[in-house]
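Q: Work out the full structure: start from the sequences and follow the hints.
Residues per chain are reported as follows:
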Amino acid sequence: MSTSSDSAALPTRGWYKRNEIAITPWLFLAPGVLFFFIYVIAPIYQSFSLSLYDWNGLGDIETNGTYVGMENYNKLFGLNGERADRNFNISLWNNLKWLLLYLLAIPGGLFIALFLNQTVRGIRIYKSLFFFPFVISQVVVGLVFSWFYLPNDGLFSIMLGWFGLEIRGGVLGNPTAATYGIIAAGLWPQTAYCMILYLTGLNAVDPEQVEAARLDGAKGRKMLWYVIIPQLKPATFIAFVVTIIGALRSFDLVSIMTGGGPFGSTRVLSFYVFEKSLSERGLQYGYAAAIAVVLFLIMLVFISYFLWSMYQDEKEAR
Amino acid sequence: MFPTPVQKSSRAVQISYQTLLPFALILWLLPLIAVMIFSIKPDVDFTNGNYWGMPSSFELFNNYGRVFFESDMPRYLLNSVMITVPTVIGTVALACMTGFALGVYKFKGNLLIFFMFIAGNFVPFQILMVPVRDLTVDMGLYNTKTGLVLFHIAFQTGFATLFMRNFIRALPFPLIEAARVEGVAEWRIFLYVVLPLMKPAIAAMAVLIFTFIWNDYFWAVVLTQGPESQPVTAGITSFNAQYRAAYHLMSAGSIVAALPPVAMFFLMQKHFIAGLTLGAVK
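If you're matching them up, the sequences are chains A and B in order. For the first sequence, my numbering begins at 1 and goes up steadily by one. For the second sequence, my numbering begins at 1001 and goes up steadily by one.
Heads up, a few of these hints could be off.
Among chain B residues calculated to face chain A with C-beta under 10 Å, some are [claimed, not checked]: (1) TYR1017; (2) LEU1029; (3) SER1071; (4) LEU1102; (5) PHE1114; (6) PHE1115; (7) THR1157; (8) GLY1158; (9) THR1277; (10) LEU1278.
Bear in mind the hints are in silico, worked out from the structure with no lab data behind them. Model, not experiment: these values are computed from the prediction. All C-beta atoms, glycine included, are put in the ideal place defined by N, C-alpha and C.
A: Okay, structure coming up:
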């Protein structure tokens, strides 16, 4: 019965049917890849070439822009007899501060996760409420913290006052303190994110290993360091990835809380790119693109590392 | 379980843990609690310098009423919905397809395309900014919700593909092979075998992308301006410019802007966390 229908179907099996398994994935990929190519891959290339031009964003780059080669980069780094851009320097240093201090979210998250990893009544509500800051938009976090930091009337200044301390101009009005104030605001949701990663990780820790280690007399800090943290490695990796990316994407908070001020002391690269192109003080599109390329290259170091470790996992999985 | 459950400790430890919990929580959420208190205070409290004391009168309805009826806030909220919902639908649709292609089939370039999606997802926004803005202007979509939606779909597809592909790889492959032996067409396998199994992944992805897009600020500023098309994150800044130093209204506005993703989180908590912690456990 089946043989007859098979032989009848054979001659009509078209080219598509014969190559179905080879073609189908490409058909399914086409719309996604196309979209992604137009909006993400191609713009990266375009920004690279834009960074070699001097262009004020008006008209077409071919007619209204001038090709200047590496001139924009020379200006950034002070090469070839140009004076180094001080604001770029500040942004770069601030980005470094962001990167290093943002990593505090990882141990911070682990600490809160360990504190909350219990089974008392109502603990689920506590866990969700601790996670709360991550769900809120960074714009709102920025606003909330800028009120928290208000000079004189802000809760933070009042609390400092209890210890007889005062930050001149308020946290965000003080060129030395402002960047740290913004980073602290960013750490709040980021720590919440790391916490939820570790809570999930702790849930999956092998109870038998913990019991075995307990029988061997391990406890407290030793247990944490030698038994628990090694098992949390996947969570730590993800926490590391999202924290690095978060640190380098720090645009929203800077823009909302200080707008780069006071005296440009809180600029970071992502904000400086925006300032040099789309803000009123900007319209130097080629120059802005060069800054963006530098930021991209910094990120590329991390992206390569992430992809490399994911590739190792893939090889194991095969 | 680590750390040792408090139930196994002495009564004193248990009680101190139980009392420590609410204190820690209040401390953790202090900035937020402050804003909530701000939002129910009357105007005079701020002019009199009573920032952190008891509200001199209870103005919850008054303040939120003004946010809803005397400002552009409802419009911004509506814009946000009209940007977020199509983005979620578009991204999930595209990512189900790319995830299926990359998760089920072995072909040359599979891993390469997969890694392209991941890498693109990590790229700093600023390197895309000028070209994407020019492209949007050229298509006549600058300052439209459509322009924003198209970009968001494209960008979020990277992250969503990573998620969907890994989810599909964890599905039992013999199921697909059995369908193939039966002679089921590949697109039908997608539609009737794989897609129904992806429901939890779709739910997780949908809530996550909803939150990401609702909270987006950078692209809203780059690709739109004004109340016709700006979402609430960008709108809140002009709202604040309008009510400069009117802290009671600004905080009420902020809370309104933050509420939808918060509600989403509490309603879909399980999926939300499943999406965020993808890969945190092996």
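Q: Would you check whether THR1277 of chain B satisfies its interface hint, that is, whether its CB is within less than 10 Å of any CB in chain A?
A: holds, 4 Å
Q: Tell me if the interface restraint on TYR1017 of chain B is satisfied: Cβ within less than 10 Å of some Cβ in chain A.
A: holds, 7 Å
Q: Does the nearest C-beta of chain A fall within a distance shorter than 10 Å of the C-beta of SER1071 of chain B?
A: Since the shortest Cβ distance to chain A is 16 Å, the answer is violated.
Q: For the hint on LEU1029 of chain B, does the least C-beta distance to chain A fall short of 10 Å?
A: holds, 7 Å
Q: Taking the least C-beta to C-beta distance, is PHE1114 of chain B closer than 10 Å to chain A?
A: Holds. Min distance 9 Å.
Q: Does the CB of THR1157 of chain B sit less than 10 Å away from some CB of chain A?
A: holds, 5 Å
Q: A closest beta-carbon separation below 10 Å is what the hint needs, so does GLY1158 of chain B meet it against chain A?
A: Holds. Min distance 6 Å.
Q: LEU1102 of chain B was flagged as interface toward chain A. Is the shortest Cβ-Cβ separation under 10 Å?
A: holds, 7 Å
Q: Would the hint on LEU1278 of chain B stand, with a C-beta cut-off of 10 Å toward chain A?
A: With a closest approach of 8 Å, the LEU1278 of chain B hint holds.
Q: Would the hint on PHE1115 of chain B stand, with a C-beta cut-off of 10 Å toward chain A?
A: With a closest approach of 6 Å, the PHE1115 of chain B hint holds.
Against the hints set out earlier in the document, a violation occurs for number 3 only.
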